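Next come the chains, spelled out residue by residue.
Protein chains: 2
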Amino acid sequence: MPALFDGLKRILVGRPFRTERLKRKPLPPRIALPIFSSSALSSLAYAPDEILLTLAMAGVAATLLSPQVGLAVLLVLLVLVFSYRQSVAAYPSGGGDYEIVRTNLGPRSGAVVAAALLVDFVLTVAVSSTSAAQYVAAVIPALKDEKALVASVIVAVLVIGNLRGRGQGRWALAIPVYLFVAGMLLLILWGAVLAMTGSLGMAPSAELQIRPEQEFSTGLQGMAGALLILRAFSTGSAALTGIEVPISNVHTLSKPRARNAGRILLVIGVLSGVLTLGTLFLARTTGVKVVSDPQQSLLRDGQPVGPEYMQAPVLTQLAEAVFAGAGLGVILVAVLTIGVLLMAGNHAFNSFPNLASHLAGDGFLPRQLRTRGDRLGFSNGILALGLAAIAVIFAFKGDVTILVQLYVLGVFVSFTLSQAAMLRHWSRILVQVTGRAARAAVHRKRLLNLVGLVLSALVLIVVLITRFTHGAWLAVVGILLLMAIMESLSRHYRQVDSELAVDFTQEATALPARVHALVLVSTVRKPVLRAIAFARASRPSKLEAIMVDVEAAKTERTLADWQQLQIPVPITILASPYRTIADPLIDHIRSIRRVSPRDLVVVYIPEYVVGHWWEQLVHNQTALRVKNRLHHEPGVVVASVPWRLLSTEAGGSEESSAHH
Amino acid sequence: MPALFDGLKRILVGRPFRTERLKRKPLPPRIALPIFSSSALSSLAYAPDEILLTLAMAGVAATLLSPQVGLAVLLVLLVLVFSYRQSVAAYPSGGGDYEIVRTNLGPRSGAVVAAALLVDFVLTVAVSSTSAAQYVAAVIPALKDEKALVASVIVAVLVIGNLRGRGQGRWALAIPVYLFVAGMLLLILWGAVLAMTGSLGMAPSAELQIRPEQEFSTGLQGMAGALLILRAFSTGSAALTGIEVPISNVHTLSKPRARNAGRILLVIGVLSGVLTLGTLFLARTTGVKVVSDPQQSLLRDGQPVGPEYMQAPVLTQLAEAVFAGAGLGVILVAVLTIGVLLMAGNHAFNSFPNLASHLAGDGFLPRQLRTRGDRLGFSNGILALGLAAIAVIFAFKGDVTILVQLYVLGVFVSFTLSQAAMLRHWSRILVQVTGRAARAAVHRKRLLNLVGLVLSALVLIVVLITRFTHGAWLAVVGILLLMAIMESLSRHYRQVDSELAVDFTQEATALPARVHALVLVSTVRKPVLRAIAFARASRPSKLEAIMVDVEAAKTERTLADWQQLQIPVPITILASPYRTIADPLIDHIRSIRRVSPRDLVVVYIPEYVVGHWWEQLVHNQTALRVKNRLHHEPGVVVASVPWRLLSTEAGGSEESSAHH
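So the protein lines, in turn, are chains A and B.
The first sequence begins at 1 in the working numbering and counts up by one.
The second sequence begins at 1 in the working numbering and counts up by one.
Please keep in mind that the hints were generated in silico from the structure rather than gathered at the bench.
One thing to keep in mind: the hints can contain errors.
Quick list of simulated restraints, FRET-style, between CB atoms [to be verified]: (1) A:Val569 x B:Ile160: 39 to 47 angstroms; (2) A:Leu12 x B:Ile573: 27 to 35 angstroms; (3) B:Glu551 x A:Leu12: 52 to 60 angstroms; (4) B:Lys23 x A:Lys542: 35 to 43 angstroms; (5) B:Glu544 x A:Thr572: 44 to 52 angstroms; (6) A:Asp583 x B:Ile573: 39 to 47 angstroms; (7) A:Asp503 x B:Phe504: 53 to 61 angstroms; (8) B:Pro107 x A:Leu12: 43 to 51 angstroms; (9) A:Leu12 x B:Pro141: 55 to 63 angstroms; (10) B:Arg30 x A:Val569: 53 to 61 angstroms.
What you are looking at is a predicted structure, and each value in this text was computed from that prediction instead of being measured.
We put the beta carbon where it would ideally sit given N, CA and C, even for glycine.
Make a model of the complete structure from these sequences and hints.
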């Protein structure tokens with residue numbers, strides 16, 4: 001069984017890598033740009049859709065506002081881009097929001113950011129892969145009801161790819177992003193040219209009508225209308241996710257690092273803005289209509305479109321309008337989008353295990369997350385992320401809209417805290433700075449962060465208010481739960497550390513007085529004789545064989561054999577009224593230690609090692625149970641003396657043992 | 001977690017018993033009779049029903065033949081009773097059919113009987129509890145569609161009762177059977193009196209009509225008719241199950257054992273015959289109608305009775321007719337029947353674990369089946385039987401008719417082989433016997449077994465032919481599968497035994513040349529210092545500390561600490577390009593053993609023991625993995641040096657360990 005598993009692992013993951021391969025060349029900007037921007041740019045696959053379908057609740061007229069909402073998002077984007085440029089100049093180590101918040105607001109806030117980031121990475125993977133599943137369904141309509149499944153397969157592919165690790169070249173990660181950007185720019189430009197020449201076709205959904213929700217039957221009015229626009233704005237802020245990537249990865253850049261990071265940030269901001277706004281304008285021009293529940297809210301000639309209607313994402317609808325009828329254009333756009341979504345998901349598979357390993361190193365997460373796997377990736381972290389993402393996808397049945405809300409919530413928790421931390425940072429700097437011009441510069445920088453704080457807090461509050469009962473509470477619970485786990489693990493590890501710490505002022509070479517060796521005997525067979533030989537070879541101060549009397553007949557046979565072989569070790573029979581091996585043995589050990597407390601008791605346990613996992617099932621596992629019990633006795637060392645059965649050689653590498 | 005489990009176990013099973021309680025007084029016949037007969041007598045709860053519903057396939061007229069079929073069954077019963085009286089006189093040891101067949105036909109046939117008996121015990125429990133569930137439903141109609149569930153609850157109760165074991169007095173097992181027999185005799189006698197005085201009412205189903213199956217639309221005719229009667233006869237042979245019980249339990253009887261067993265057999269035969277025949281006659285007189293698919297084959301005024309009709313078992317229908325309208329009488333009969341069915345199932349819970357433990361002792365089944373639990377029962381056998389019975393019940397959706405077929409098949413496999421074995425037995429005896437009268441007696445006995453063989457083979461063949469595709473193949477597969485398992489286990493255990501056997505002609509006291517001790521070090525903490533102290537205390541010929549270099553920074557820190565503490569043991573650093581601990585360690589050990597092959601290598605592994613199961617999850621389990629790998633190295637002893645964390649004292653009894 002484990003041999004089978006091993007073989008499968010080799011096929012999927014490949015041969016192990018040597019540790020030296022860890023050293024990597026720094027990333028030049030032309031490769032870093034696409035790798036760092038995949039996360040931010042991939043939001044083009046879903047952010048415009050979310051803005052449109054939120055506004056569509058108030059009917060067709062409301063969706064015409066989408067470019068304005070897009071402009072508001074762009075404003076926040078620019079503020080955040082410039083404020084992150086300040087941050088990366090101030091904190092060029094690659095610690096990212098976690099480091100900034102921890103340094104300025106203390107470890108507790110740092111833990112909030114860490115938990116939020118971990119949740120975010122899970123949601124990045126979940127959102128990217130479900131969104132990718134939507135594009136898959138746009139090309140292969142038969143998969144339209146299997147989005148959660150398709151998304152999970154995508155996650156599984158990412159997991160395996162990342163377990164394989166450093167096999168891929170970096171260009172393989174960069175090219176899909178370049179292609180996507182080129183494709184999107186072409187789409188928007190070509191669309192703009194067509195629009196200006198008046199020959200731009202309409203989107204396939206242009207002929208449909210939207211039935212607004214009850215409360216918006218009179219359009220976007222009053223408090224509810226304002227709130228809806230805020231909601232569209234906050235949901236559209238999904239376009240901003242991922243702009244924190246460059247600052248968390250400065251350390252992998254080629255020099256000058258901070259400056260390169262700043263430039264990359266600017267390019268990401270400009271590209272993001274252009275593509276999002278362009279998409280929204282083009283969508284308005286071509287009459288794209290997307291709603292959250294197409295079967296009910298979309299009407300064709302006054303009648304609901306019915307269950308066979310499949311709502312395509314905005315980008316493929318645009319492709320259909322721009323490349324009128326050319327199916328290849330639609331497929332190309334879908335493939336490019338899937339490509340960039342995969343890269344975004346893939347990036348989370350780098351960031352999550354890195355952060356988790358960092359946190360594990362600080363004792364906030366289980367130690368296993370620090371282990372590098374065969375191919376040098378933090379394989380436990382990769383697996384944990386994959387499983388969490390699949391769980392989230394199925395928990396929300398692959399509903400991109402809800403996942404995006406959670407995602408925005410998590411991202412803006414760290415944005416907001418990061419802005420607040422920078423505010424504190426500049427206030428501290430201000431104390432040290434004297435020159436008038438210099439103070440004015442710091443004041444300007446602080447003002448920018450204040451604006452950033454207000455805007456990101458606004459998004460956070462809107463999402464919390466409008467979406468708390470629609471699943472956002474789960475992101476909050478997830479973050480709080482992670483924090484609680486981190487807190488209690490940290491306490492546990494600290495306690496263990498202090499318990500195990502060596503006092504360097506004391507002498508470390510105290511020795512136990514004498515060694516009292518016991519050999520556990522059941523029947524006189526080869527493993528027992530070997531255990532006795534080994535025990536004698538270690539020349540203990542005292543040596544006795546111990547037989548626990550569970551079955552009278554067996555005990556007598558063993559004693560007879562013992563005498564016949566003239567084994568030169570005294571044998572002690574322990575009564576066991578309740579037929580357990582461990583209890584009388586432990587009583588005996590305690591009585592030895594009562595007489596001479598400084599003695600070391602070594603219990604030799606003969607075991608045999610079988611070759612196949614199923615063989616293990618048919619032997620009593622007494623040895624294992626006795627060893628577990630003895631582990632709890634002070635001053636006792638357990639020595640296993642294995643006897644390998646022939647089947648271990650035939651059967652290969654299997655590992656299991658049994659007491660006979 | 002395990003503490004919780006332990007508490008639950010104590011509540012369900014009770015405090016452990018001392019081994020002395022195993023000794024039990026022999027059973028006097030007045031207690032042995034009811035205990036040994038529960039299995040045979042309980043078949044009255046379902047055997048008449050099966051005869052009637054098989055015949056009902058050919059319409060109402062055919063069911064009038066039921067007493068004749070009952071007489072045929074009675075004939076077989078008498079033959080088997082007298083032949084078993086012969087068997088018990090010849091084999092009074094309590095080995096039963098297994099011993100008889102093994103002795104006379106060889107171990108392979110013995111294995112068939114053993115497998116068939118094991119399958120039978122599972123089916124005894126399955127049939128008894130599903131039949132009991134039918135009587136429960138007759139009283140509580142709301143449970144009529146939950147028979148499998150009710151039956152499983154009954155099995156669970158039997159499992160717990162038997163795990164509790166010897167708590168119950170023997171009279172508690174005897175009284176339900178006495179009450180059942182008394183109740184049934186009263187029912188039949190009272191019914192006969194009423195019938196003779198002409199005041200016997202009709203059964204509730206008397207007014208219904210039966211729609212015969214297509215092929216019997218002209219009644220019981222031709223080949224098909226003959227086959228149907230044979231089928232009714234073979235199904236009715238369910239009344240014979242359990243008459244082998246006394247011979248398998250002779251050894252628990254008071255003396256004179258064989259004679260007491262013979263008497264008990266006779267009483268069981270007579271009681272069984274009287275009750276079965278009486279029931280069938282009474283059922284005919286009161287017009288009881290039972291069919292296998294009541295919704296379709298039972299008609300009221302020409303129309304199917306519909307899904308709300310609930311078919312009551314024959315015994316409760318009789319009770320309704322005899323105690324006309326007195327609901328208490330019906331409930332009483334149901335309760336008495338459930339009681340005897342429970343006793344029959346309970347008896348299987350004694351027989352199966354005993355046989356399984358016997359077979360495990362001979363190396364035919366896993367050793368675990370020999371272990372006596374806290375309350376001295378063979379708890380693993382009890383659990384195995386319970387699980388198997390529940391699986392069978394659900395596999396056949398609690399369908400008594402199919403289960404009875406499988407049951408009859410299994411029982412008659414051992415009956416047939418047992419008769420054949422006795423035939424062989426008498427033939428052997430005949431060679432030794434000389435006197436004319438004595439030879440004639442043996443000839444008579446052999447003739448009886450020949451008749452028994454023919455009759456039981458007939459039943460077996462009929463069941464196999466008529467029911468093979470209706471589930472009987474599963475009983476055959478079950479028996480063959482068990483045989484295959486027994487065969488391969490026996491081979492495995494024999495091989496292990498011969499491998500481990502000590503050669504008594506050789507001297508058993510050879511010692512390894514020298515001891516080479518290694519201490520596995522990761523960081524310098526208390527458990528490591530203790531392991532070093534223990535290793536030094538055992539005064540090995542050579543001692544070295546081993547550190548595997550997985551993380552360069554950690555290795556350096558450890559080396560610095562090592563020097564600072566001036567630990568008087570040389571430390572060796574092993575390179576590990578693939579970051580595993582075990583591989584470099586094993587390479588090192590192999591190089592040591594290559595230089596001095598007769599040396600013993602003892603690897604000391606410092607471990608710490610944590611208090612809670614969840615703590616275990618957050619520590620690396622390197623120690624466990626390294627130990628497993630080392631078990632496969634020849635000449636290596638693994639010594640665990642545990643360090644108990646404080647939480648083990650607070651947390652109580654939990655057992656788990658980790659390498660730090």
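Assessment of proposed distance window 39 to 47 angstroms (beta carbons of A:Val569, B:Ile160): Check passed, 45 angstroms falls within 39 to 47 angstroms.
Cβ distance range 43 to 51 angstroms for B:Pro107 and A:Leu12, holds or violated: holds (47 angstroms)
Status of the given 39 to 47 angstroms range, CB of B:Ile573 versus CB of A:Asp583: holds (43 angstroms)
Range hint 53 to 61 angstroms (beta carbons of B:Arg30 and A:Val569) holds or violated: holds (54 angstroms)
Assessment of proposed distance window 27 to 35 angstroms (beta carbons of A:Leu12, B:Ile573): holds (33 angstroms)
Outcome for the supplied range 53 to 61 angstroms, where the beta carbon pair is A:Asp503 and B:Phe504: At 54 angstroms between Cβs, range holds.
Distance restraint hint 35 to 43 angstroms, applied to the beta-carbon atoms of B:Lys23 and A:Lys542: holds (37 angstroms)
Consistency of beta-carbon spacing, A:Leu12 to B:Glu551, with hint 52 to 60 angstroms: Once the Cβ atoms are compared, 26 angstroms apart, the range 52 to 60 angstroms for A:Leu12 and B:Glu551 is violated.
Cβ distance range 44 to 52 angstroms for B:Glu544 and A:Thr572, holds or violated: About 34 angstroms separates the Cβ atoms of B:Glu544 and A:Thr572, which means 44 to 52 angstroms is violated.
A:Leu12 paired with B:Pro141, Cβ distance criterion 55 to 63 angstroms: Taking Cβ atoms as reference, A:Leu12 and B:Pro141 lie about 56 angstroms apart, which means the hint holds.
Hint violations for this structure: numbers 3 and 5, all remaining hints satisfied.
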